[in-house]
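The task is simple: from the sequences and hints, build the whole structure.
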Amino acid sequence: MSEPFPLDVNALLSVLNHLNLGVYVTDCDRRILLWNRKAEEITGYLAADVVGKACHEQILVHVDKDHHALCSTHFCPLYRSITLGKESQEPVLVYAKGREGQRIAVSVSTAPLRDASGKIVGGIEVFRDATPEIRDMEFAQRIQRHLLPQTLPEIPNFQFDVRFYPHDLVGGDFYDCRHLGPNQYGFMVADVRGHGVSAALYTMWLKSLGESLTAQASSPGRFMTAMGREMKKFVVEESFATVFYGVLNAERFEVTYTNAGHPPPLHFHAAGGEVTPLDSHGVPLGILADVEYKAATTRLDPGDLLLCYTDGITESADTQGQRMGAKGLADLLKEQILRAKTNILEHIFRHVKQQCGNVSLSDDVLLLSVARKA
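Residue 23 in our numbering sits at position 23 of the sequence shown, with consecutive numbering throughout.
These aren't lab readings, by the way, just hints derived from the structure by calculation. Mixed in with the good hints, there may be bad ones.
Stated by the list, open to error - In silico DSS-like cross-links for lysine-lysine, where the CA-CA straight-line distance does not exceed 27 Å:
1. Lys294 / Lys233
2. Lys86 / Lys353
3. Lys373 / Lys327
4. Lys86 / Lys97
5. Lys353 / Lys327
6. Lys38 / Lys65
7. Lys38 / Lys97
8. Lys341 / Lys327
9. Lys341 / Lys353
10. Lys53 / Lys97
11. Lys207 / Lys294
12. Lys353 / Lys119
13. Lys373 / Lys341
14. Lys294 / Lys232
15. Lys119 / Lys97
16. Lys65 / Lys207
17. Lys119 / Lys53
18. Lys353 / Lys334
19. Lys294 / Lys327
20. Lys53 / Lys86
21. Lys119 / Lys86
22. Lys65 / Lys53
23. Lys86 / Lys65
24. Lys233 / Lys207
25. Lys353 / Lys97
26. Lys353 / Lys65
27. Lys232 / Lys207
28. Lys38 / Lys53
29. Lys334 / Lys373
30. Lys38 / Lys86
To be verified - DEER-style ranges, computed between Cβ atoms:
31. Leu338 / His146: 33 to 39 Å
32. Val197 / Gly273: 25 to 31 Å
33. Gln159 / Ser208: 26 to 32 Å
34. Lys233 / Ala47: 56 to 62 Å
35. Pro182 / Ala289: 31 to 37 Å
In this text, a Cβ means the ideal position worked out from N, Cα and C, and glycines have one as well.
Structure, rendered in structure tokens:
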């Protein structure tokens, strides 16, 4: 049996009813103890409808922007605030289900509640209706998703896979993957400085620029050199993009690649079970106009996998404040390949998100893999 809640709920309610924000307070089991006036207005649920029930009993049926369920999982922001003892660093966009069944975009902030001794006794979630500004963002999201490849190339001896998790509805990470010619497939992973709308605008420019240089796309060095020259003409001060670009030759089982300041992809070698980073070279695009990028080549043997990623995943930190880093991602990649066999990218992301020491990841995350079938 849970202990009595040590805070005066009625006194809290008398104060929180004056806020123009929805607020609810729970105990450590996420049983709702307080539901203020604005929460009633936003959701349509009266306090009498929800007080005494646990939020994980699917009252608001929260889902994230990618439609993944939150309330009954460890990814619930309120659950993470209570268990980690941390408040959210910035608002998180989720979708709640109103009393009439409608979906409501809400911007949510969470924090643990502590008693006089500092012991965590519950949690508080503050939210506002974000529907008006989200409408335009959702349209921008559809535009950005339309610019990304709708399908990935299907090749007899190889398999491409990708997962993109923008921090906001739109993001500054970008990828492309396309057929260039007989047995040749180009793939790109890019990370524009920052995230959100401003970064997303640059990803649209990268898409257009890449297509305008298709004639050079089979030669990674020439292609990246031309991209750098053109991008420098248009970027504003302090804006830049890191880019990895590779060309898979499916006949020779080789990837020829170049790198403009991007985190080096990780190469899993099936024969020995080792994971090694590819050589990195070159400065990010948009910094210098006259940079000549060089290319290198690596071979993919049966069962090998090449993982390209953005730094949103390696900069995530666990509950001890330890960043994952490239070494941690390499260890996780090896572990998941040996354990999961399928949906490896999804398993990697969910593991990182669950181990994250903050309520949510603070940057966009993009994972793209090229695997040679065993």
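Broken hints, numbered, in rising order? Those not satisfied are hints 15 and 32.
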